[in-house]
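Trainee: Chain residues, written in single-letter form:
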Amino acid sequence: EADIYQTPRYLVIGTGKKITLECSQTMGHDKMYWYQQDPGMELHLIHYSYGVNSTEKGDLSSESTVSRIRTEHFPLTLESARPSHTSQYLCASSVGGLNYGYTFGSGTRLTVV
Amino acid sequence: RKEVEQDPGPFNVPEGATVAFNCTYSNSASQSFFWYRQDCRKEPKLLMSVYSSGNEDGRFTAQLNRASQYISLLIRDSKLSDSATYLCVARDGSSNTGKLIFGQGTTLQVKP
Numbered sequence: 001e002a003d004i005y006q007t008p009r010y011l012v013i014g015t016g017k018k019i020t021l022e023c024s025q026t027m028g029h030d031k032m033y034w035y036q037q038d039p040g041m042e043l044h045l046i047h048y049s050y051g052v053n054s055t056e057k058g059d060l061s062s063e064s065t066v067s068r069i070r071t072e073h074f075p076l077t078l079e080s081a082r083p084s085h086t087s088q089y090l091c092a093s094s095v096g097g098l099n100y101g102y103t104f105g106s107g108t109r110l111t112v113v
Numbered sequence: 001r002k003e004v005e006q007d008p009g010p011f012n013v014p015e016g017a018t019v020a021f022n023c024t025y026s027n028s029a030s031q032s033f034f035w036y037r038q039d040c041r042k043e044p045k046l047l048m049s050v051y052s053s054g055n056e057d058g059r060f061t062a063q064l065n066r067a068s069q070y071i072s073l074l075i076r077d078s079k080l081s082d083s084a085t086y087l088c089v090a091r092d093g094s095s096n097t098g099k100l101i102f103g104q105g106t107t108l109q110v111k112p
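Chains D and F supply the protein sequences, listed in that same order. For the first sequence, position 96 (counting from the first letter as 1) is numbered 96 according to my numbering, and the numbering increases by one without interruption. For the second sequence, position 86 (counting from the first letter as 1) is numbered 86 according to my numbering, and the numbering increases by one without interruption.
Hints may contain errors.
Label pairs and their in silico Cβ distance ranges [stated by the list, open to error]:
1. T18(F) x K18(D): 31 to 41 Å
2. V95(D) x S68(F): 23 to 33 Å
3. S80(D) x D57(F): 37 to 47 Å
4. K57(D) x L46(F): 22 to 32 Å
5. N65(F) x K18(D): 25 to 35 Å
6. S68(F) x N99(D): 14 to 24 Å
7. P14(F) x M27(D): 33 to 43 Å
Hint data in this document are derived by calculation from the structure and do not stem from the laboratory. Note that the structure is a prediction, hence the values are computed from the model and not measured. Glycine is no exception: its CB is placed at the ideal position from the N, C-alpha and C atoms.
Just chain F, same shape as in the assembly (with noise of 0.2 Å):
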């Protein structure tokens, strides 16, 4: 079983709809969690972190469900430069070597 899991997708959804993903993490001891994008053909980026209070940037909303082992992300009236893939991260809280554990990631394409 992978660390983080996500589903891959692709979600095809049309512009200004709204479109939540989720990722659950395997590991308790995992303490912090963020969202990163990334384009095609390019490098992730840092989209947000996830705090457990949950957290708002914009469009862009961010879950964090300990209990569960679940986060996710909720994009608000999509835009077509939304399309991207998102990662799931979570930091290893198993050693103290704090490394970030990478979903596959979720595709996102918005159509006009």
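For reference, chain D alone in the conformation it holds in the complex (with noise of 0.2 Å):
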């Protein structure tokens, strides 16, 4: 019963493809967040948004974009996928508060060949 959904789930691209990673929350939360992770490896957080029309860059640099036109959706955009791009990412959100943690979607796994 995901309230934070994510799609493709995973996805395999040329180098060089313009891609946008999905995500969108039901939940009504302001805080929206992407990770990066590769198999094995630490979550590196790569962007954040606070509410709509705010983002931020997070601890990881990244190639990424993002945008928050509106609450429930967080996308994702490489304007052009290289093989140094292959990771897994994952969206969360949160409602914000000291005791309130992140909930996470399901990833998607990219691929670039």
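Make the complex out of the two chains shown on their own, each in a separate frame, by following the hints.
Mentor: Written out as structure tokens, the structure reads:
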């Protein structure tokens, strides 16, 4: 009964293509996040948003960009995919507040060939 | 030095064993803490929050020691289904962003 949805679940794409990874949540959360995670490795925050028209870069430099035009939607775009972008991308959202964690989507596993 | 540090393991234990994971955090201003569980190739899922007084949820017990900046997770009577990576998480208290800082995770393998 996921309340945060990511599409596609898997994506194999050629070098140089433009791609958009979709993330939507139905919980009305203001705060949303994008993480990148390689297999067996730790999570790296690449983008976050605290509300509509608010976006910030995370701790790990990324060539991707994000937008937040609607509360429920936080897409991530790569203008020109490269093999180095191959990774799992996880979207999360939070209601905010000290005692609340994040809810993660099921992720998009991206392979650039 | 990482803000949240964990022993990556793996911890290999037999079914029924009790296992404890430890975690340290470097920012004394961190205000809240969590344990997440992540199965292989899946998303992290919240296991439990960690409170100063310690808290228990079935076979799982979490403890926080603010003086030592140390968090622990105890799993009693381990099940095969407990095999996963356990992520220690601290909320960034040094700014008003309140972002969660994830440790690299500790891998647990429960063997029959």
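Trainee: So, for every hint listed, does it hold in this structure?
Mentor: Comparing the hints with the structure gives:
1. T18(F) x K18(D): 31 to 41 Å: violated (51 Å)
2. V95(D) x S68(F): 23 to 33 Å: holds (30 Å)
3. S80(D) x D57(F): 37 to 47 Å: holds (46 Å)
4. K57(D) x L46(F): 22 to 32 Å: holds (25 Å)
5. N65(F) x K18(D): 25 to 35 Å: Roughly 49 Å apart at Cβ, these two residues miss the hinted range, so it is violated.
6. S68(F) x N99(D): 14 to 24 Å: holds (22 Å)
7. P14(F) x M27(D): 33 to 43 Å: Holds, at about 40 Å.
The structure fails to meet hints 1 and 5 from the earlier list, while all remaining hints are met.
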